[in-house]
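Participant: Same order as they appear, the protein sequences are chains A and B.
Residue 0 is where the first sequence starts when you use numbering that gives the first Met the number 0, and the numbers rise one by one after that.
Residue 0 is where the second sequence starts when you use numbering that gives the first Met the number 0, and the numbers rise one by one after that.
Be careful, since some hints might not be right.
[Said to hold, decoys possible] Covered by chain B, per the in silico footprint, the following chain A stretches (three or more residues, Cβ under 8 Å):
hint	stretch
1	11 to 21
2	31 to 41
[Stated by the list, open to error] Partial list, computed: chain B residues near chain A (C-beta under 7 Å):
hint	residue
3	3
4	4
5	8
6	57
7	67
8	95
9	100
10	103
[To be verified] With a straight-line Cα cutoff of 25 Å, these simulated DSS-like cross-link-like pairs (lysine-lysine) come out:
hint	chain 1	residue 1	chain 2	residue 2
11	B	72	A	18
12	B	91	B	72
13	B	91	A	68
14	A	68	A	124
15	B	6	B	77
16	B	91	B	6
17	B	72	B	9
18	B	6	B	72
19	B	9	A	18
Derived from the structure by calculation, the hints contain no laboratory data.
Heads up, the beta-carbon is just placed ideally off N, CA and C, and yes, glycines get one too.
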Amino acid sequence: MEVVLHLPVVPNVELVAAKAVETVGGALGMHQTGIEAASVAIVEACLNAMEHGGGQMVVRMSTDTFDGKPGLVIEVEDQGEGFDPSEAPRNSASRVHGCTSKRGWGLTLIRELMDEVQIRSNPGKTQVRMCKYVENAP
Amino acid sequence: MNDEQMKLQKDIVADGFGLIAAAGYINNEGGQAIADAATELIDDGCQTLLIDLDGTRIINSIGVSILLEIMEKLLEDKGRLAFCNLTPTISKTFEIMGLVQYATIYPDQDEARTALIGAGSD
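Sequences are here, hints too, so could you generate the full structure?
Facilitator: See the structure below:
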């Protein structure tokens, strides 16, 4: 199964990607909690792509296995200037408490909510690849 | 799950105790709508706010950042903020972003009202 979305930068377009996660995750038999976690993660990845990507983004969904465990694979790709993922700080509550700006949570949430995350970034192409294992409801 | 439009109700349910029921996507607009309702309740004398997120399934970090601002405003005024009816993912997101360090989470509105109104009358 593969889904590919070419999304323009328009308000709330991230919800189109979240809806696709809901549909594909449901078809794979994912638990609702896993679907909701993947939905928040893809929303954050799309918001980052819209903010830094400089134009249309591409979202791909597919399935793969990880040490024998089936998983939903999500890729969000943009054509922005890129960044060094190793330099992207992991945000924390103590860092933002009392600060005027409370932004900068996207990658932190993605890493916490998904089971596997890989970020490849070069000038002109940034790809966030993330996986949520399919863990069926008991 | 992906209803965009935030449906929001606010009410003063006891002396100094305001309730906001919010269902929908908590993005910048949804977060701001909750913040505006919270500010109105605080201006009306509420020092304890309960935000019921029954019906909210999807959030983003920009919307939650606005909720963090409400929390800090309440804390400055020695107020209290509580949430109820969170999905496991929203609860985990609040934990990651630090809301649970300063706000109390209740499973449902009945339990929250009992605890908060009871505590307020001590």
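Participant: Take the hints in turn and mark each one as holding or not.
Facilitator: Okay, the hints, checked on the actual structure:
Beta-carbon proximity to chain B at under 8 Å applies to 6 residues in the stretch 11 to 21 of chain A; the threshold of 3 is reached and the given coverage holds. Remark: the stretch 31 to 41 of chain A is confirmed as covered by chain B, as 5 of its residues place a Cβ nearer than 8 Å to a Cβ of that chain, reaching the required three. The criterion of a C-beta within 7 Å of any C-beta in chain A is met by residue 3/B, whose closest approach is roughly 6 Å, and the hint holds. Interface restraint check: residue 4/B against chain A, minimum CB-CB distance 10 Å, threshold 7 Å, status violated.
Contact between residue 8/B and chain A, as hinted, is not supported at the beta carbon level, the nearest pair being about 22 Å apart and thus beyond 7 Å. The restraint placing residue 57/B at the interface with chain A holds, with a minimum CB-CB distance near 6 Å, inside the 7 Å limit. Checking residue 67/B against chain A: minimum C-beta separation of about 5 Å stays under 7 Å; hint holds. Interface hint status for residue 95/B: upheld, as the beta-carbon distance to the closest one in chain A is roughly 5 Å, under 7 Å.
Taking 7 Å as the C-beta cut-off, the interface hint given for residue 100/B holds, the closest approach to chain A being about 6 Å. Hint on residue 103/B is violated. Least Cβ distance to chain A is approximately 16 Å, over the 7 Å limit. Of the supplied pair hints, the one linking residue 72/B and residue 18/A is violated, its CA atoms being roughly 34 Å apart against a limit of 25 Å. Our distance criterion of 25 Å between C-alpha atoms is met by residue 91/B and residue 72/B, whose separation comes to about 23 Å.
Straight-line distance between C-alpha atoms of residue 91/B and residue 68/A comes to about 23 Å, which keeps the hinted pair within the 25 Å bound. The straight-line distance between the Cα atoms of residue 68/A and residue 124/A is roughly 29 Å, outside the 25 Å bound, and the hint therefore fails. Restraint check: the Cα-Cα separation between residue 6/B and residue 77/B comes to about 28 Å, which exceeds 25 Å; the hinted pair is violated. For the proposed pair residue 91/B and residue 6/B, the alpha carbon gap of about 23 Å is at most 25 Å, so the pair holds.
Only pairs whose Cα atoms come within 25 Å are accepted, and residue 72/B paired with residue 9/B is accepted, the gap being roughly 18 Å. The straight-line distance between the Cα atoms of residue 6/B and residue 72/B is roughly 23 Å, inside the 25 Å bound, and the hint therefore holds. Of the pairs offered as hints, the one joining residue 9/B and residue 18/A is violated, with about 29 Å between alpha carbons and a cut-off of 25 Å exceeded.
In summary, the numbered hints that this structure violates are 4, 5, 10, 11, 14, 15, 19.
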